[in-house]
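Novice: Protein chains in written order, with the numbering used here: chain Z, 1 to 142; chain A, 1 to 142; chain W, 1 to 142; chain G, 1 to 142.
Please keep in mind that the hints were generated in silico from the structure rather than gathered at the bench.
Errors might be hidden in some of the hints.
[Claimed, not checked] Derived SDA-like pairs (lysine to any residue); straight-line CA-CA distance at most 20 Å:
{"#": "1", "chain 1": "Z", "residue 1": "Lys63", "chain 2": "Z", "residue 2": "Val117"}
{"#": "2", "chain 1": "A", "residue 1": "Lys63", "chain 2": "W", "residue 2": "Glu36"}
{"#": "3", "chain 1": "Z", "residue 1": "Lys63", "chain 2": "G", "residue 2": "Lys96"}
{"#": "4", "chain 1": "G", "residue 1": "Lys66", "chain 2": "Z", "residue 2": "Ser58"}
{"#": "5", "chain 1": "G", "residue 1": "Lys96", "chain 2": "Z", "residue 2": "Ser58"}
{"#": "6", "chain 1": "A", "residue 1": "Lys66", "chain 2": "Z", "residue 2": "Leu102"}
{"#": "7", "chain 1": "G", "residue 1": "Lys118", "chain 2": "Z", "residue 2": "Val113"}
There are 4 protein chains.
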Amino acid sequence: MKPYVTEYRVIYADCDPFDVMYYANYLTLFERGRTEFFRSLGLAYRDISDRGIYTPVSEAHCKYFKSVRYDDLLLIETSIGLLKKASIRVDHDIYKKEPRTLLARGYTVLAFVNRDVKIQPVPPDVVEKIRHLLDEDAAQRQ
Amino acid sequence: MKPYVTEYRVIYADCDPFDVMYYANYLTLFERGRTEFFRSLGLAYRDISDRGIYTPVSEAHCKYFKSVRYDDLLLIETSIGLLKKASIRVDHDIYKKEPRTLLARGYTVLAFVNRDVKIQPVPPDVVEKIRHLLDEDAAQRQ
Amino acid sequence: MKPYVTEYRVIYADCDPFDVMYYANYLTLFERGRTEFFRSLGLAYRDISDRGIYTPVSEAHCKYFKSVRYDDLLLIETSIGLLKKASIRVDHDIYKKEPRTLLARGYTVLAFVNRDVKIQPVPPDVVEKIRHLLDEDAAQRQ
Amino acid sequence: MKPYVTEYRVIYADCDPFDVMYYANYLTLFERGRTEFFRSLGLAYRDISDRGIYTPVSEAHCKYFKSVRYDDLLLIETSIGLLKKASIRVDHDIYKKEPRTLLARGYTVLAFVNRDVKIQPVPPDVVEKIRHLLDEDAAQRQ
């Protein structure tokens, strides 16, 4: 599917003594991209959590290819990797904007739970919106 | 008063591209020291918040004298600066352990509020424990 | 002077268990605003540090009026508070965008140093650009 | 092999609005454990980087089983997962101390590079110390 793109400018707070983004902070960028991606689908986290549905990350992975550096302007590209009964895998690519270069690639798995942290099926409206996205993409590729 | 001392070892996550602790992270050290100081008084934050009393920071200040560097072993020294009706000023000194060197000095002001974020007087048991500390200190100085 | 405005959307990474921005992270917002303010003057940090001039923060202060909350869209307003021989005080206001509400106000003092961390006068081109800003502002107020 | 154990107390700065540790901060705990593990082998990062050898993380992974909560006292357990020609996989387990409960498990892959970010073989003294550890462990299991 066509990823959702969020821009981000790297500041000193993000970097470590090697003048590159500290490795844990890529996961923070993943959150930033994920949040805007879901907002673009009309599924803002705040609205979902107001319905008593929470989406803790149950797994995270990142491969670091080239360093993100101070003051880099980044593109955070977010897409759905996998839609399962009670979880979603979100895929995350971090690009330098100019010249466009892939710097890191990872994924996060979101579980769906209720207030008592019991596993829930992905809500129907979320499933529908993601299916719609995936279908659009399949149609475009034909 | 004699400050409460907490040790802390600086990691890469704390530092910025100048190989020194990022300036906002000193306030995180202040929290670390404050937490252990209140725990030492039998006033763990968790217990206080379980009683419906919260202590948001209403003001923070820091002067940076010398850089905290990667892998430094620090002493976070915490003491009460001022006890007021509905707030406490906590004083924070950050020392390098060896050789003992003052690196930064600051304070945080804690307001006392209830669940509805309405200002509350400092609870009597907190006042008593802090007064006791201050009296002990005055007695020792005589 | 008319402040420089940078927008910022709050994510979970910025917040603490009270569902509000963690108090140290306001200083990170200050950096974000400061960086874009100086870039807007043609004085990007990267260019300044390439000339062997560094601007460590020697003092920071913040008053917290109302909580910054998750998913808030903020305006970070940055202006020059004071121009001295070897330092600049930068003023920082954090507003909620809608409805416009002042949430926090602070300042940071930037020292100017060379590679050996020796104090330097503020470079002439920086002085000139800041003076120009302050003069424009004085002219507009007449 | 027997893991190296580092204690850590969770503070508000580490947590998010769900009153649990923010998912990226587990990777910061991994760094904390890794640093103390290598120091225990006489291989402090600072000494290694002084020799012009750097160990950027090329891959990171974490599975989150149960939430790390505010004020939890944690055990960060660190061990060598895999020793390769030019990289090391370090394994990380995060336990709650009392009652001992596994909360998260992950790994990081450290590449070895020189100042020009060219891949280097793992230095002989590092190989030797890790082999020694692995042999000790094999001997104890017999």
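Novice: Which hint numbers doesn't this structure obey?
Specialist: The structure conflicts with hints 1, 2, 3, 6 and 7, although it agrees with all the remaining ones.
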